[in-house]
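Protein chains in written order, with our numbering: chain A, 1 to 112; chain B, 113 to 222.
Some hints here could point you the wrong way.
[What the hints assert, rightly or not] Heads up, simulated PhoX-like pairs for lysine-lysine below, C-alpha to C-alpha not over 25 Å straight-line:
hint	chain 1	residue 1	chain 2	residue 2
1	A	Lys42	B	Lys113
2	B	Lys169	A	Lys71
3	A	Lys37	B	Lys113
4	A	Lys57	A	Lys71
5	A	Lys58	A	Lys68
6	B	Lys125	A	Lys42
Read the hints as simulated data drawn from the structure, not as lab findings.
Small disclaimer: the values here were computed from a predicted structure and weren't measured.
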Amino acid sequence: GENVEQHPSTLSVQEGDSAVIKCTYSDSASNYFPWYKQELGKRPQLIIDIRSNVGEKKDQRIAVTLNKTAKHFSLHITETQPEDSAVYFCAASPSTASKLTFGTGTRLQVTL
Amino acid sequence: KAGVTQTPRYLIKTRGQQVTLSCSPISGHRSVSWYQQTPGQGLQFLFEYFSETQRNKGNFPGRFSGRQFSNSRSEMNVSTLELGDSALYLCATSASDTQYFGPGTRLTVL
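Take these sequences, add in the hints, and give me the full structure.
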């Protein structure tokens with residue numbers, strides 16, 4: 001089955017700096033890659049997703065890149081703010097409405 | 113539209129008991145997936161239901177089961193509870209695109 005690895009497990013950046021989180025996946029059939037943000041005690045919320053026919057997608061300060069050949073995808077957050085502090089999960093799926101395999105999460109802390 | 117709702121939000125049970133959790137999807141969403149979240153194992157897929165049929169299944173023992181009703185609401189059941197079943201159980205629903213998560217049910221097994 002699919003296996004998703006996520007790095008780093010913790011990331012501390014200063015406000016205004018950029019943050020990058022990387023994930024690799026194993027199943028070449030995966031074609032949908034969402035990123036979720038989970039604040040303490042809250043539900044995971046989708047922040048951005050990308051499909052295999054796209055190499056990059058951007059939404060304001062957040063961007064995701066996908067390299068299907070190397071089987072890795074990355075989340076980029078620019079101009080980080082304290083409210084970006086949370087745990088971020090990457091995931092992979094063979095379709096948009098089926099089994100999501102999650103990475104182990106990255107705890108991002110944005111310090112003033 | 114109203115978001116995904118889960119009931120109850122918190123449960124305390126003892127070993128050997130069984131428990132039933134409920135998930136009501138966003139209107140129009142026919143796919144319901146269940147996930148278990150623990151500090152040690154992270155987010156793990158349990159199963160997915162679509163149009164009252166189990167479409168995908170994760171690697172959990174048979175003590176974990178689920179079903180979906182004609183209105184797309186879904187329930188999951190855990191029988192013969194073990195201490196290790198203590199977790200946040202999340203459901204996620206989907207129309208044909210993104211999965212949206214409910215707030216979860218926090219299950220504590222004593």
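Hint check results:
A hinted pair counts as satisfied when its Cα atoms are at most 25 Å apart, and Lys42/A with Lys113/B qualifies at roughly 19 Å. Between Lys169/B and Lys71/A, the direct Cα distance comes to roughly 24 Å. Compliance with the 25 Å bound is thereby established for this hinted pair. Among the hinted pairs, Lys37/A with Lys113/B is consistent with the structure: their alpha-carbon atoms are about 21 Å apart, no more than 25 Å. At roughly 16 Å between alpha-carbon atoms, Lys57/A and Lys71/A fall within 25 Å of each other, so this suggested pair holds.
The suggested pairing of Lys58/A with Lys68/A holds, with an alpha-carbon distance near 18 Å, which does not exceed 25 Å. Our distance criterion of 25 Å between C-alpha atoms is met by Lys125/B and Lys42/A, whose separation comes to about 22 Å.
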